[in-house]
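K.L.:
These are the residues of each chain, in order.
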Amino acid sequence: MGDLEKRIDTILEATDNWLRSDNHYLMDAIDRTVREGYFSFEDIKYAIRAIKESISKTAIEEWVERAGITDDQDASSQNILCLHAGNLPLVGFQDAFSTLLSGARYTGKISRKDPYLLPTFLNEVKKTAVWTDMDVQWTHRLHDFEDMPHDAIIFAGSESSVPGVKDAIQKWNLAKQHARYLIRTAHFSMAYVDRKDERTMQDLAEGIFRYGGKGCRSVAIVVSPFSLDEIKCEFTDYIESFWLENPQHEAPAPKLKQQYAYNKAIERSQAWLDYFLLQEGGLELDQDFVCYWVQGEESTVAELADQYSDQLQSIYVPHPDSEIRGWEERTEYLSDAQQPPISWKPDGVDTLEWLVNQ
Amino acid sequence: MKDWSSIIFSDETSFEEKAREVFEYQYENNAVYRRYCEALNPAILKRVQDDVEAIPLLPIKAFKDTEVTSRPDLEPEITFKSSGTSSMQRSVHRVMDSSIYDQSILKGFNHFYDLESAVIWGYTPGYADNPGSSLIYMIQKLIEQDDSGLSKFLPLDEPLKKSEIKKVQDSAKQLILFGAAFGLIDLLEMEKTALPSNSIVIETGGMKTHRREMTKKELHRQLANGFGLDSTRVHSEYGMAELLSQAYATGGQWFRTVPWMQVSIRNPDNPAEELDPYNEGLIGVVDLANVHSCSFLLTGDKGVMDKNGRFKVLGRWNPQDLRGCNFLIEED
Chain Y
1 MGDLEKRIDT
11 ILEATDNWLR
21 SDNHYLMDAI
31 DRTVREGYFS
41 FEDIKYAIRA
51 IKESISKTAI
61 EEWVERAGIT
71 DDQDASSQNI
81 LCLHAGNLPL
91 VGFQDAFSTL
101 LSGARYTGKI
111 SRKDPYLLPT
121 FLNEVKKTAV
131 WTDMDVQWTH
141 RLHDFEDMPH
151 DAIIFAGSES
161 SVPGVKDAIQ
171 KWNLAKQHAR
181 YLIRTAHFSM
191 AYVDRKDERT
201 MQDLAEGIFR
211 YGGKGCRSVA
221 IVVSPFSLDE
231 IKCEFTDYIE
241 SFWLENPQHE
251 APAPKLKQQY
261 AYNKAIERSQ
271 AWLDYFLLQE
281 GGLELDQDFV
291 CYWVQGEEST
301 VAELADQYSD
311 QLQSIYVPHP
321 DSEIRGWEER
331 TEYLSDAQQP
341 PISWKPDGVD
351 TLEWLVNQ
Chain H
1001 MKDWSSIIFS
1011 DETSFEEKAR
1021 EVFEYQYENN
1031 AVYRRYCEAL
1041 NPAILKRVQD
1051 DVEAIPLLPI
1061 KAFKDTEVTS
1071 RPDLEPEITF
1081 KSSGTSSMQR
1091 SVHRVMDSSI
1101 YDQSILKGFN
1111 HFYDLESAVI
1121 WGYTPGYADN
1131 PGSSLIYMIQ
1141 KLIEQDDSGL
1151 SKFLPLDEPL
1161 KKSEIKKVQD
1171 SAKQLILFGA
1181 AFGLIDLLEM
1191 EKTALPSNSI
1201 VIETGGMKTH
1211 RREMTKKELH
1221 RQLANGFGLD
1231 STRVHSEYGM
1241 AELLSQAYAT
1251 GGQWFRTVPW
1261 MQVSIRNPDN
1271 PAEELDPYNE
1281 GLIGVVDLAN
1291 VHSCSFLLTG
1301 DKGVMDKNGR
1311 FKVLGRWNPQ
1321 DLRGCNFLIE
1331 ED
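Sequence order for the protein chains is Y and H.
Under the numbering used here, the residue at position 324 of the first sequence is numbered 324, and the numbers go up by one with no gaps.
Under the numbering used here, the residue at position 16 of the second sequence is numbered 1016, and the numbers go up by one with no gaps.
Chain H with its partners taken away, still in its complex shape (with noise of 0.2 angstroms):
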């Protein structure tokens, strides 16, 4: 078998050449994704041999319809679930090999950030209260890396303790803390707490909730008054259970990948077509660490992208075209 770290996370080999064979090796290997390729196209792989952007994008809804993966003969090592509730239908990943996650998490945090250097907090459920989740597993690796003790889930519903926070100070370590966005909002209405002025604070999105609705803009907003920070200390973090990557905005609302994903933002009515820069549309991921199930997906999420091939999450889509009469005034 093949050694796909060494491929995945190499930098001598080209995207597009990595891309090109984790394609042939899914559209082998893969079941569901080679039947969705053949269908669009008999002729597909020759078609990406000779452009590997005519790679098919599968919609993400496939991790909740069927099982998505590249080796059928495996047991999972680690299987994980998207949130919902019970009634709902989650997305299933099935991860066969952990090391390739592992290793995205470390590379793709160290990416962007200083691992060594910092200390990880989590405001989430601990892992074993949700062993399903993606990202309390991501958490709980970079916690893992912290040999100094000061890397830690904090417990929910208690706010910041300042001797904690005076801890993290004097071990001259950036304080890093993690949370999904209502959480952090909660931690703050028990008590607004500073931390200290080269603190991040990464939100890992949950905008969508019952209780109140919120801009992204309005909500880093608050998190940066509420910890006593300047806001391009308020990152934000896009990952999902489906993906084995992540993409982080470091600053403002537009993410930037890691090395071995990449963003398009592809036309609703035709996803085989990639938008200009600033159009909007469904975000279409390759994200080869998902080397074992399936690369090339389509999420349901909108999304818009600059001419640095950065892009913004614009919420879920919502479809215009619903049957039926609809009064538009743009169309009407």
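Next comes chain Y alone, as it looks inside the complex (with noise of 0.2 angstroms):
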């Protein structure tokens, strides 16, 4: 057996363990995030269940061959500093596991907002044969890895976050002379509804209100050929339902309102949920807790696309009928919004494949 070979079916297995229903480690993790209010219990148990759906030895051999990653050439002689963000459960997920999956050694900076539930899973890989202590290393203090040059670092940001974070990057010697940066700026997506149908409904509910739509995968804006006026009060009681299933864990700051009132001044439409604001136009994309509705075709998602496209993580739409012409490699459907496939590519770059092919 080769050694991407073992890699593959030791992690599938790490993973196996840590999703086990009797993994106490990680039922204690859920149980201290909810407790110490970091996530709602649906919202982890979401995520946890988008991963376990996600990853299987077939997808995972497919993103291994797609990414080219062979015996031969994988990213074993490469130290990675990912730096997790916590705006969701488990969003550092992903990177953690492609990097371990790249033969990498992984270093991890675990979110101060998300702190427990990564950490039991790299214990479980950590458990295995292939991946040591110095494999494996994680801490929830950057300055804990002074002195340890990196050959690569991911993490998300934004164009007043991005020099901060180099400047302690270089500060702790962090970052080796000419190491590589895999920077994500996208911070929202975008989706077309041309349908009122109970499935489209559903998952646009989904895909706005989910994590409190504080994902780069949530929904905040929405294009759609019916008005807001046409479609708010049938939605609304797709959203009442999700937020029966899903009550929203964080409540939105006195500002929210304050939008409300605004649209209300200049007689915007608008659909006021108490924790989330649905707006007719006037996008500002300057808060939480707002989704701006469009009216507009599929030119529209296209010419709104171009206008943000360094903030617009994905497009999606209901059905393969839809075509964002330009944007096809953004567009995915609209129920994968919250789930994506292990292998989907912030920011449109496929991170194994960057780790691997420097």
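Beyond 12 angstroms from chain H on every Cβ pair, some chain Y residues (computed): (1) Asp22; (2) Val34; (3) Lys45; (4) Glu53; (5) Thr58; (6) Glu65; (7) Met134; (8) Glu146; (9) Gln202; (10) Lys232; (11) His249; (12) Glu303.
Pulled a few chain Y residues facing chain H out of the computed Cβ check, cut under 8 angstroms: (13) Leu83; (14) Asn87; (15) Phe155; (16) Ala168; (17) Gln258; (18) Lys264; (19) Ala265; (20) Ile266.
Think of the hints as simulated: they come from the structure by calculation, not from any bench.
Note that beta-carbon positions come from the ideal geometry of N, C-alpha and C, so glycine has one too.
Relying on the hints, combine the two individually framed chains into one complex.
P.N.:
Right, dumping it as structure tokens:
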């Protein structure tokens, strides 16, 4: 058995063990995460289920093949530093998983906003014969890794946060001289919805409201031939059903109410949902808990995608007949918005391929 | 109709009383503001009677998105537009009673300077070239007050003339030069010119440029050097198309307001909350001269206040809570 095959089998085994219903470490981590108010139980359960459903031997083998990994070409000589964000439960899972799969050594800075969940997976990995304590290291404090320069660094940031992160990396000597950076800047996704059937409405509610809309895969702009006024009564029923099963974990700041009042003032169509605001137009994308509704066609989606290309993660469509010209690579099904395949490409970059092809 | 000028500029009435009166007038007559207030709190009138600080601040972007007026029955005497390219959505401020703006300009300027003994130069386009600019209107108004003939708009793209400077010096008046931040730097790039030592240079903002980036401190240092002045002679003006009053920083970076204008720093997550001194937040403005549009505004500018009610402008507010993954050193 080659190294790659062994790695695949071992990481699958570690993942299986991690996801076993009698894994008390994971159960404790979930319990503590909920108790300390980081995320809701429903969102954690959903995130774990999405990971479970995305991982299979076939899915991993196909990904590995597409990324061009072989026994001769992998990242085994590399030390990779992953700076994990904590906006969603286990949001850093794919980076950790792909780093390990690539053969590289993994160093993780675990988010203080999601401190317990990912380490339970990493502990399972360390129990295997393939990865040792040296290969898998993590901490909650970046400076614990002082003077451990890495070959590559992965993190998500914004225009304003990237310089501060790079300064910290330099300050603690965490990057080799010619270290490579994979910095993701996409912040939101967009959906095109041209039908009002039950499945589409449910998928749209999931796409917008799951995780309080805080993921970069969450839908922040909906383009639809229907106006918000035409659809909002019907859609509100689906939103209520969604929240009945998935109560929103975090209450928005009072400024959301201010935005609602502002929309009233200028007579902009909107749907005030107490924890969330749907509004027609006025795209500012400067705060959480707001989803913008734009009346338009597929061409409108393409125009908006061009306009927000730096910030846009994915475009979702409800069925294969929809085509967003020029954005085919970033187009996915709406039903996959919150449960992407393990090999999905944040910011259009295949992490595994990036790790291996230096 | 009320004589609003006598109320707004009165020294007899407290700011709070005047603000309450203007609020009630605007709540009654400004449909946009009324809808805003009612959506926030249907009992807002009563609330403001008890606590004038509860007056809601309307986001200033309303001037871009809709018509903000307390006199929908009138046609505007003048209309100001914010600067920007033709493709940008610009703020539109319809001024129903230009005499209030005129008084605000003159009384405001005299609050900080002595207009009678000043010669005003504007290194900006002239009023005829840009009638929609509230800044240029203001400079024009100040120029008009000087009957010596020395006050004027300067030709753009020409260095200052020493002979003109000499004339001002001979008049024994104080030269006050207005210009946009980088306009003045451009002027100095053509030729550094020493101004009389009692002159004042007032930069009016406009730090946003694609050509270069500079801190306010560095800008003032370069202007002081270029004009051969002490750094305390480089002042700043804070104004915008949506406001009919100005604040001035007369040496240093702290702005003071005129008596009919008040500034507060608001919590960006909860604009109803005023922040304590030295905490950064959104700049909120109460400008009573805006009586016929809206006096209670929340700007998109970041600022900070000191214990004496002076404020500093720190640029545009850059929201930190962009949705999606964003690794922040302090939080993650």
